[in-house]
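Residue numbers for the sequence shown follow our numbering, so the first one is 1 and each next one is one higher.
Careful, some of the hints might be misleading.
Simulated DEER-style distance windows between Cβ atoms [what the hints assert, rightly or not]: (1) Leu69 to Asp300: 51 to 59 Å; (2) Glu128 to Leu356: 41 to 49 Å; (3) Gly51 to Arg297: 44 to 52 Å; (4) Val119 to Glu183: 45 to 53 Å; (5) Ala112 to Ile35: 55 to 63 Å; (6) Ser36 to Leu479: 35 to 43 Å; (7) Ser36 to Leu356: 30 to 38 Å.
Bear in mind the hints are in silico, worked out from the structure with no lab data behind them.
Just so you know, even glycine gets a beta-carbon here, dropped at the ideal spot from N, CA and C.
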Amino acid sequence: MAYASEGVLWMVEVDAEGVPSAPPARLSNHHADAISWTGDSRSIVYQSTRGLRRYHLDDGRSEEIPLRLEWRRPAREGAVLVRAARVWDGVSDEVSRDMDIVIEGNRIVSVAPRNDAHVAAVTDAGGEVVDASDHTVLPGLVDMHSHMGYGMGEALGRAFLAYGVTTIRDPTSDPYEIAERRESIDSGRRIGPREFATGRTMDGNRIYYSGAGSLGPNGNLELELDRAEHVGYSLIKTYVRMPDLIQRRIIEFAHGIGIPVASHEIYPAVAHGQDHVEHISGTSRRGYSPKVTAMYRTYDDVIQLLTASGMTITPTMALMGGWWKSIGDDPSWTTDARFEAVFPEGMAEAMTARALTRGRAGGIDGLLADAGRTVTRVVRGGGKVVAGTDSPIIPYGAALIAEVENYVWGGLTEVEALRTATSVAAEALAMEGEIGTLSAGALADILIVEGNPLEDIEDLRRARIVLKDGEIFRVEDLLQPPRALVP
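Generate the whole structure from the sequences, applying the supplied hints.
Encoded structure:
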C-alpha cells in the first residue's frame, strides 16, 4: 500500500486482509501528492512540487515524467475609450467630471478631460467607445479574503465580474487548483478575476480545518516552504494551531523570497514582522480572539499595534453579521437579477429566510457598531484596512459590496470605505499603480456604475459594465451562461 504522510511518499507491505506485515518504508524526500499506481503495479506516479514523478519499485529509481504543458496569454489588442460623467481614481477625495479614459491593449494610456479628438483617434483605429456619460467610473474592486473553489463551476467568474470584482486574494487553497485557475483565466479559457493566492494554510501537527497543511515533528515544514517558493504562492497563511516560534521561522522565510504572511494572530506575530491579520474576531491559537473582548470591543492596545506596525487588517464585518443585516433590511439584495442568475437555485430564498432571524438577532446592531468603530479608529489612525469577505460562507461578489457598505455604517466616509477595496488593497498586494487605481500605466480594471457611490455608497451595487484587463463585460451579458452550456 502506498500513501503520503507528512508530505512524502511511503509504502508498507500488507497481507491479503490489509494488515501491515512489515515496517513502512519512506520512498521520497520531496512532496508527494495525488498518488496513483501504474497499471502493472510496478511503479507509483505522483505529483511533486516540481512536476509529475514516477517511483520504480524494482530498483528504487525516482524520475521526473517530462510533460509539455504550454499555454499563452492572449494579446489584448485595439483601443477602448470610456467617456465618463465622473471618474474616481481610487485615491483622491473627489471625483473628476467629464473625463475620457483611453485604453490600449490591457492598460490605461491616459485619463484626461473629455476631448472629441480621443473619439476620433479610437474610432479611426477600429476601437470601441463605451458610453458612461451618465455613470461613475472607478477602479475594479479587490476582495482580499475569498476562498475559491469549483462548486459553482464557470458561474464563479461571472459572479465576481457582475459585482465589479476584478481581483481576489485567496488565503487558503489547493496549490495545484490555484495553478489551474490562474492558467485557465489568464489563457482566456474561462473568465474571472485575477487571483493572488496561497496554498493550504500552514497549521500545527493537529490541524484545525480539514485540508490544511499539517506541520508535524519530522521536518516537513521545510518541504512546505519549498512548495511555497516553487509553486509560486502570493502569500503564506499560518493557522491557529501553529506554534509562535514556527510562525516566526515562516515569516523570515517568506520575506526572504519576497512574499507576505497572513494569520489570525496579532501578537507576537506583529513583533515577528507579520504583514496581514485576518478578521476582527476569528479563531486563534490562544483559544480566544486577541483582537476583541467577549463583547466584541477592541481596546486601544490593538489599535496601536495595527496603526504603528503598518500591518493590514481584513475586518470581514459582513461575515460577522453585516451580510445578514444587509439582506434582512433590504431584500432586494437577493432579488437582484445578478443574484438570481449566477447563484444556485433556491439560494436567494434560503438566505432571505435566514436573514429574518440572524440579521435581526438581538445584539447584532451593537456588535456591528463596535466593529465599525474599530475599523474607523484604525483608518483614522493611519492604519491599513482592506475589504474581504471569507466567501463562500457569504456569497461571492455580492458580499464584498455589503462589506464596503458596512464600513460606512461603522463610521468611514464613502471614499475611505472605497479605498479599502481599491488602492489600499492594491498596496497590500504590492500592486500599487497596477490595480486599484485609474491612472496612466495601470491595468485596465474598471467598474462603471449608475449614480455616484462617493455620495451614496449603495450606488456601488449598481454595476453596469466591467472591464478586466481591458476586456469589456456588460453585466446583462454576464448573467447568461456560455453558449456551450445553454441547453
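Status of the hints after comparison with the structure:
Look at Leu69 against Asp300: about 53 Å separates their beta carbons, and that is inside 51 to 59 Å. Between Glu128 and Leu356 the Cβ separation comes to about 45 Å, which falls inside the hinted range of 41 to 49 Å. At about 51 Å, the CB distance of Gly51 to Arg297 agrees with the hint of 44 to 52 Å. For Val119 paired with Glu183, a C-beta distance near 37 Å fails the hint of 45 to 53 Å.
Checked against the hint of 55 to 63 Å, the C-beta distance between Ala112 and Ile35 comes to roughly 58 Å, which is consistent with it. Separation of Ser36 from Leu479 is about 40 Å and conforms to the stated range, judged on CB atoms against 35 to 43 Å. Here the CB-CB span from Ser36 to Leu356 is close to 49 Å, at odds with the stated 30 to 38 Å.
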